Amino acid sequence: MTETTLAVEMRGIVKRFPGLVANDHVDFDLRQGEVHALLGENGAGKSTLMNILAGLYHADEGEILVDGAPVRFVSPRDAIAAGLGMIHQHFTLVPSLTVTENILLGLDEPRFRLDLARYEDAIRKLAEEVGLRVDPSAKVWQLSVGEQQRVEILKMLYRGARILIMDEPTAVLAPQETEELFRTLRGMTSRGESIVFISHKLDEVLAIADRITVLRRGKVTASGTPAAGKTKPDLARLMVGREVLESIEKVPSVPGAVVLELDGVSAVNDKGLAALRDVALQVRSGEIVGLAGVAGNGQSELAQVVTGLRPCHGRIHVQGRDVANRPAIVAIESGVAHVPEDRNGTGSAPNLSVADNMIMKSYRLPPIANGWFLNVVIARQRAEELKAEYEVAAPTIDTQARLLSGGNLQRLIFAREITSEPKLIVAVQPTRGLDVGAIETVHRLLLAQRAAGTAILLVSEDLDEILALADRVAVIYEGRIAGVVDAEGADVHELGLMMTGTPGHGSAVA
Amino acid sequence: MTIGTSRRPALPFAITAERRLETPRLLPLTTTLGAVGVALVISGFLILLIGGDPIASFGHIIVSAFGSVGVLSDTLVKATPLIFTGLACALAFRMRLWNIGAEGQFYLGAWGASLIVLAPVVPPGTPGIVTIPLMVLAGLVAGAVWGFIAGWLRARFNVNEIITTLMLNYIAILWVRFWVFGPWSEGGFQLSRQFPKEAWLPRLTDLSSVLTVFSGLTVHLGLAFGIVAAILVWFVLKRTRKGYEIRLIGDNPQAANYAGVNIRRNIMLVMLASGGLAGLAGMAEVGGVVHRMQDAISPGYGFTGVIIAYLAKFNPLYVVFAAIAFGALILAGREIQPAGIPSMIQGVILFCVIASDVLLRYKIRLVRR
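Those protein sequences? They're chains E and R, same order as listed.
Numbering-wise, the first sequence is residues 1 to 510 according to my numbering.
Numbering-wise, the second sequence is residues 1 to 369 according to my numbering.
There is no bait here: all hints are sound.
A few chain E positions that, by computed beta-carbon distances, are all more than 12 Å from chain R: (1) Asp24; (2) Gly33; (3) Asn42; (4) Ala117; (5) Ser137; (6) Arg183; (7) Gly192; (8) Lys219; (9) Lys232; (10) Leu238; (11) Val240; (12) Lys250; (13) Val485; (14) Val492; (15) Glu494; (16) Gly501.
Derived SDA-like pairs (lysine to any residue); straight-line CA-CA distance at most 25 Å: (17) Lys271(E) - Arg156(R); (18) Lys313(R) - Met268(R); (19) Lys250(E) - Asp491(E); (20) Lys242(R) - Asn375(E); (21) Lys201(E) - Thr178(E); (22) Lys242(R) - Gln381(E); (23) Lys238(R) - Thr346(E); (24) Lys238(R) - Pro367(E); (25) Lys313(R) - Asn351(E); (26) Lys197(R) - Leu118(R); (27) Lys125(E) - Ile80(E); (28) Lys313(R) - Ala17(R); (29) Lys242(R) - Val377(E); (30) Lys313(R) - Leu359(R); (31) Lys361(E) - Leu447(E); (32) Lys271(E) - Phe157(R); (33) Lys363(R) - Val14(E); (34) Lys201(E) - Gly146(E); (35) Lys363(R) - Thr16(R); (36) Lys238(R) - Ser362(E); (37) Lys363(R) - Ser405(E); (38) Lys313(R) - Ala355(R); (39) Lys271(E) - Asn160(R); (40) Lys361(E) - Gln254(R).
These are calculated hints, taken from the structure and not from any lab test.
Just so it is clear, the structure is predicted and the values come from calculations on it, not from any experiment.
The beta carbon of each residue, even a glycine, is placed where N, CA and C say it ideally should be.
All chains, full assembly: derive it from the sequences and hints.
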């Protein structure tokens, strides 16, 4: 580390939100040409700090220097003008427009006549220079998530950003895409650009960062320490403030009767293309079957057909009752609980209260239902109990669900789904975007349900998670079950080959 | 001059908006009242512009709407249909069903109630105790059917209810026109014969033989129905399973679907109920005020219902107060001008109230450069 020019310096940043101090006198600096990871649990204040730097929020106290000069950003425009670009977790692209059109969107140039060909050439040249493989004339909806992210990066570079702030960039990426992203980032730093990498994934931070700043509950617990020589337990302790159990205690499973049985199931995705082809799968009571696969190979659709959210062909039996192609209520009444992939979009009603969200599955059953009426007293009492038992950190049960952090919302969803005393739990990406502490909770809850004799179908893109929790692993590739193997002694290399569709691996032994 | 990233305005400060994480409890009420205040200031300028005296005009409106028991009673009479149409809109809007067909449902309700007397369904001389419940039922059913058409089309074929309800308004108005120009026309005029006394909703003035203070007060039973309806809608939304489903669908249809709620059935049910409420407004107007069927029976009560629902933030209980405020504006506004300025004030109020919503979602502040 010979280069020590400071690209950004933030001093004594304080940002208060009603009821909490999101940033409490935080210092942060970014050297030119480095990747500086900002590590912390969800709600630790990482995004708030970077939103302040990017001009979206305004600090209550503190000062910001860019290239040594004090700045005061009033809007993201100011930040971009100073060379700072932020790439958010959720992309801000228009799907029906081309890459070029998206990049030009909101700029003052071109002013009236849109000479797309000229700008396309300019963008293609820029993309080649920085090594981002994107076709400028492609429509955004045709691109994979990884490609869309490249468009976002390109957008910022085209606007002249020299400092990139990336908010959890790998949360939406497949492992290969993550590697490609890391190559891109290294290329950028070698050209003198600087990167803030917000994450709570320890492996990634250790793989990409030059230095690390750790935040815990709005305060800095490690300030710009070099990444070299740090270990995962070191970082986890700084993040969480206590020792984190790395491995999970798992007792051998006692599989019982078949609870879920799929036979010859086919379905199409939202675009009308085949997503599931002739799927056969069984899940027994007291076992966890992990569904492994690269994103977009039909996992989401499989979870949806089982829970009654997507039409299909074929046979799906839950405890002998056919639930295929029936409304969601049939699956619910057959004892299927669903921890959905999209916690905000599907799993909760953001503007309704915690209490209202808790009763989403039980409002039609006594004692909460009383004929046509709702027993609000019992509903609230139940919500209070669940909030305490599952440690949902919310001020009151009247707090709107949208104000909960990802981990707390997931606790709420688990509380609701588990108290329905399900025979089968379909959990899709249950730990995605959660911090270490919340992941531990989710894993503990799933194993407790397994011990209680519930059948569990765990869909995850995190192979390590599947191998840690599952008793059997089913690999899905292009809508087909490529094979089912015992998790005990499974060969990761072999699973990887099955996940990428290499022929000669795996045989359907559902 | 360049515009854009390099822009450096001359002002020493900038206005910024930050998303609110939490909405303080009293904020919705204060911003709504504030928005009405701003609307009145704008309206005052309009009155000034046409050479009027805004202070005197507003004073006159207040006096002639609330100044005595008699005019207060008239205000409440004007508010009665507005309570129903406001509730109709608030209920549907709660589920994000944009029923802007309360006007047509009002007409159908009025027509249905008239049918009982004019068809006639009951023979002349039938006592009120039989006639009036039948009129209420007919008004409710006729409005509900009109709402259901749009609800069914939306549930079955996903036809946009904004378009269908809007278009159904014209059909309803022309349908009524056919009857008052044709079968029900009295002496060639575009109105029916007057209803017999038994078909009049009881008014306070009808009790003046017992209590002389009620003499001349035209408030009728419809107001009581309206207040009961408001409490009922509030209760359904807050305390019943159906109401929970409606709130869930209104907030996140995908979550409702995931929770096993039958969304299509709820769309049809809510449009049925919404149409029925608007139909009751029509029933109350012919049975309680006009006492006959005629052309142009509504001066836009159905559309004003949209404004009232927004003003009440879709809360059924607030609808009653918003309706009374608008009843006053309609009544007293006539003293300023039969049309024009008073309805312009209504429009300005709606505009300001909807615009003020941004203050609930964002914290606006000035930042020094």
